[in-house]
Amino acid sequence: MPELGRAALVLCLGLALFALIGGAYAAATRRRRLARAAQNALLAAFGTAAVASGVLLAALLRNDFSFVYVADHTSLELPTPYTISAFLGGQEGSLLLWLLVLTGFSAAAVALARRTGPDILAWVVPVLGLVTTFFAFMLVAVSSPFATQIAPPDGAGLNPSLQNPYMMIHPPFLYLGYVGLTIPFAFAMGALLARRTDELWIVATRRWTLFAWTALGIGQLLGAHWAYVEVGWGGYYAWDPVENAALMPWLAATAFLHSVMIQEKRGMLKVWNMLLVILAFCLALFGTFLTRSGVISSIHSFTQSPLGGWFLGFICLVTVGSLALVMSRLPLLRSKTRMESLVSREATFLYNNLLLVALCLTILWGVVFPILTQAVRGEQITVSGPYYNFFLRIFGIPLLLLMGIGPLVAWRRASLRSLGRSFAWPAGIALAAGLVLLLLGAGSSWIGLVAYTFAFFVLGSIGYEFARGTRARHALSGGSWPAAFAELVARNRRRYGGYVVHAAIVLLAIGIVGSNAYDKVKEQKLSPGQTMAIGNYRLTYRELVKRNGPNATEYRALLDVRRGGSSLGTISSGKNNYRAEQQVSNEVGIRSDHLTGEDLFVIADQINPDNSVNFKVLVKPLVNLIWLSGFVFFIGSLVALWPSAAEQRRLASRYRDLRALARA
Amino acid sequence: MARSGSPVRLVVALSVAAVLAIFLLYVSVAGGTPSIQPSQLKCCGDVALVGKVTGTPVGDGHAAQGLRFRLQDVAGGSASVPVVYRGSVPDLFKVGREVRLEGRLQGGVFVAKRDSLRTKCPSKYTPEKRT
Amino acid sequence: MTALAFVLGGLLAGACVLYVALPFLREPDPSDDVLGVPGALEQRALELAERRDRALAALKELEFDHRTGKVSDEDYRALVGPLRQRVAEALRAFELRAESSEERVRARG
Chain A
433 MPELGRAALV LCLGLALFAL IGGAYAAATR RRRLARAAQN ALLAAFGTAA VASGVLLAAL
493 LRNDFSFVYV ADHTSLELPT PYTISAFLGG QEGSLLLWLL VLTGFSAAAV ALARRTGPDI
553 LAWVVPVLGL VTTFFAFMLV AVSSPFATQI APPDGAGLNP SLQNPYMMIH PPFLYLGYVG
613 LTIPFAFAMG ALLARRTDEL WIVATRRWTL FAWTALGIGQ LLGAHWAYVE VGWGGYYAWD
673 PVENAALMPW LAATAFLHSV MIQEKRGMLK VWNMLLVILA FCLALFGTFL TRSGVISSIH
733 SFTQSPLGGW FLGFICLVTV GSLALVMSRL PLLRSKTRME SLVSREATFL YNNLLLVALC
793 LTILWGVVFP ILTQAVRGEQ ITVSGPYYNF FLRIFGIPLL LLMGIGPLVA WRRASLRSLG
853 RSFAWPAGIA LAAGLVLLLL GAGSSWIGLV AYTFAFFVLG SIGYEFARGT RARHALSGGS
913 WPAAFAELVA RNRRRYGGYV VHAAIVLLAI GIVGSNAYDK VKEQKLSPGQ TMAIGNYRLT
973 YRELVKRNGP NATEYRALLD VRRGGSSLGT ISSGKNNYRA EQQVSNEVGI RSDHLTGEDL
1033 FVIADQINPD NSVNFKVLVK PLVNLIWLSG FVFFIGSLVA LWPSAAEQRR LASRYRDLRA
1093 LARA
Chain B
6 MARSGSPVRL VVALSVAAVL AIFLLYVSVA GGTPSIQPSQ LKCCGDVALV GKVTGTPVGD
66 GHAAQGLRFR LQDVAGGSAS VPVVYRGSVP DLFKVGREVR LEGRLQGGVF VAKRDSLRTK
126 CPSKYTPEKR T
Chain C
830 MTALAFVLGG LLAGACVLYV ALPFLREPDP SDDVLGVPGA LEQRALELAE RRDRALAALK
890 ELEFDHRTGK VSDEDYRALV GPLRQRVAEA LRAFELRAES SEERVRARG
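Chains as they are written, first to last, in the numbering used here: chain A, 433 to 1096; chain B, 6 to 136; chain C, 830 to 938.
The hints are simulated quantities; they were obtained by calculation from the structure and are not laboratory data.
Check the hints yourself; a few may be wrong.
To be verified - Derived lysine-lysine pairs resembling BS3-like cross-links, with alpha carbons at most 30 Å apart:
{"no.": "1", "chain 1": "C", "residue 1": "Lys889", "chain 2": "A", "residue 2": "Lys768"}
{"no.": "2", "chain 1": "A", "residue 1": "Lys978", "chain 2": "C", "residue 2": "Lys889"}
{"no.": "3", "chain 1": "B", "residue 1": "Lys47", "chain 2": "A", "residue 2": "Lys957"}
{"no.": "4", "chain 1": "B", "residue 1": "Lys99", "chain 2": "A", "residue 2": "Lys954"}
{"no.": "5", "chain 1": "B", "residue 1": "Lys99", "chain 2": "B", "residue 2": "Lys118"}
{"no.": "6", "chain 1": "B", "residue 1": "Lys99", "chain 2": "B", "residue 2": "Lys125"}
{"no.": "7", "chain 1": "A", "residue 1": "Lys957", "chain 2": "B", "residue 2": "Lys99"}
{"no.": "8", "chain 1": "B", "residue 1": "Lys47", "chain 2": "A", "residue 2": "Lys978"}
{"no.": "9", "chain 1": "B", "residue 1": "Lys47", "chain 2": "B", "residue 2": "Lys99"}
{"no.": "10", "chain 1": "B", "residue 1": "Lys47", "chain 2": "A", "residue 2": "Lys952"}
{"no.": "11", "chain 1": "A", "residue 1": "Lys978", "chain 2": "B", "residue 2": "Lys125"}
{"no.": "12", "chain 1": "A", "residue 1": "Lys768", "chain 2": "A", "residue 2": "Lys697"}
{"no.": "13", "chain 1": "B", "residue 1": "Lys125", "chain 2": "A", "residue 2": "Lys952"}
{"no.": "14", "chain 1": "B", "residue 1": "Lys125", "chain 2": "A", "residue 2": "Lys954"}
Using the sequences and the hints, build the whole thing.
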């Protein structure tokens, strides 16, 4: 069936081109039926992408090794769930997934926006068509998943580190995020092309942005968790270019989510928002490019994949084109409102934006630094952990503090007196917590102590906000306190959902600080029967066992864990030797303490012929807060995303009035 | 607040200036590490050496004498440098694999920093494995 | 296999072409084929509508912030007057625009 797959992709390319060219022509010359036809082309493109995806999926499930892609990424003994996830295991398949999600989202966005803004939609279609054309072209001409060969008896198998449940869901979440950022970008460009000065593009894409941002955030947490349990070096983030590739657009999107609120409420920062959405989208493309082309981790740029050049060219085209568009529409984006005070919620949002963008750009600089120095000095200079951690602290700690200040400050202008009153409780909580932590020994890392204090300030301010909001609601409408709380949240979903998300970020920060600033590491070689001590744990290496798994030979060192005299059970740590792929993977042993959030992390670094093992053991305090924060993050986003009937009615009437007036 | 000229622009400009200042201060003080290959290796200074493992690796990263092997340019060629390394050895380490180490050249031998050995993953899609 | 692939491919292509041509097939001879675009008047009306909504939302938020204690009494007194004025202006401007559009409609008959 590869011919069907190829045909579907060619059709997709054709439809995307029609959406781009026909759509642009229709929008420029105001032809209604042609614009509609272009919309349909985008919808049909989704159909063809789905067919192509179906062909590849069927080939995977059939173990059809006449498909080069299937032979390269699966094997006969690969368990079925991983055979399915092999769809994303290679370059061609993940490009196809990009195309599928892109066309799917485009179809949904078009269908949902049909009624509210046909004129802006007429321009959104060609922009989406442009991006779809690029990816379809890549799949048709440069990197096709439907290359065929004479079927070998067995395939090469999937990279063992991808044979993990996390690696099945981490890429899809990231893709939902990357592709999701295309929609606000397309609407922003559409609004500029249509010369609209109103906020329809923001209103129409607010939930898309929030959804994409959430998916990107959760995708990164999943990736970090995978790195923690599967790659197993004791950490979860290494500032690797591929990791930064997802962090950068997320930071830009975070800034965008906040500054867009200022535009909605005060009509300010229109140019800034345009620039941010362009930055977020370009970084999403750049992120895909970094992960796909291997251009930065390789020594010789661009020789690893032909994709690199095309991607870079497309990113340049998009960047230059969208910036030129913004420049040409600059008069339309002038706002008449001025920021009244540097002590107002608008101002804190602005500071937050500046810090986020600064962090994002310093990470970007660090990522491209090797390439730049190679071009300029002929020598590649890389920066690593210390560089990134330095800037994370410089920008991150003030950001943490701002998260606590922002909610306490009113819009427009806040007098220092009312600020002082609002700050009293949260600041008090923070200082008390700081003192307690100091007494508990947190002073060993002063940065950690500062970060913890700020974290408690934020939690205090969020709690305070919920408390006084509930009290006000209760005073208004009576009833029970839980009912008042529910009504408070229901009536202000964005605000209180946002507070929950802030709480999640604080948990994340506490987890990161705890596991980085207060961790312990010890390396020791043990023979069976010997014991090592770390923190207040004692580990005794009992024996080494060997087992034949479905596609690997598994070696496990068993250790007994004791703490303070009582037994905490057994930990096993070792390696897997994958037969088909001929690779060895690290299988670490982790014991999570659910009360303190602490992890005991055991790595069997080297298994020696005499059954002695070189162990590396880490104690990571509070690290499980990081994973917990993911759930809180999800709940907060859900609350903020939840549609509100009242809001929908209000917005619909605003744009319906317009259409009624337009007919006049 | 001045009526003409928004405080926003002033704040933005000052912030950008502050960021640049911190940035330049840091980069000039700490700097990055040059990434070079065995054929380019000269004396003196900490570098990140990238190359392909060649010859027969001898020894144990965790033992006192460390792991000894030779490193050649990724593209091959005759230039190779002896390396002595102490620390964790990644599972993917073997002859013919591309690796990266930090350290410095001392007396004709590249002495690597402890635990700085990284292997380049054979698959494009997976990030580097590390221990 | 190949024959089936061709047939399916052909059907897919046909379906796509049909779907794209649908607007033209449904209305082979329409009375007008112009894509409605908001003119300057409509843009202005939308701007006023947004300004009205913004002012109303700000007032509502000020009231709520005052009730929760985020905005002190004196800040509230200082802010609420101008804000109410802004709301009144925005509403008035929007009504005026709506009235004049209705007149235009009636004038055209």
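Each hint tested on the structure:
1. C:Lys889 <-> A:Lys768: holds, 22 Å
2. A:Lys978 <-> C:Lys889: Distance ~68 Å between lysine 978 of chain A and lysine 889 of chain C Cα, so the pair is violated.
3. B:Lys47 <-> A:Lys957: violated, 36 Å
4. B:Lys99 <-> A:Lys954: It holds: about 26 Å lies between the C-alpha atoms, which stays within 30 Å.
5. B:Lys99 <-> B:Lys118: Given pair lysine 99 of chain B, lysine 118 of chain B holds - Cα atoms ~19 Å apart, limit 30 Å.
6. B:Lys99 <-> B:Lys125: Roughly 11 Å separates the two Cα atoms, so the pair holds.
7. A:Lys957 <-> B:Lys99: holds, 22 Å
8. B:Lys47 <-> A:Lys978: violated, 46 Å
9. B:Lys47 <-> B:Lys99: It holds: about 25 Å lies between the C-alpha atoms, which stays within 30 Å.
10. B:Lys47 <-> A:Lys952: violated, 37 Å
11. A:Lys978 <-> B:Lys125: holds, 28 Å
12. A:Lys768 <-> A:Lys697: Since the Cα atoms of lysine 768 of chain A and lysine 697 of chain A sit roughly 13 Å apart, the hinted pair holds (cutoff 30 Å).
13. B:Lys125 <-> A:Lys952: The given pair, whose Cα atoms are some 28 Å apart, holds under the 30 Å limit.
14. B:Lys125 <-> A:Lys954: holds, 26 Å
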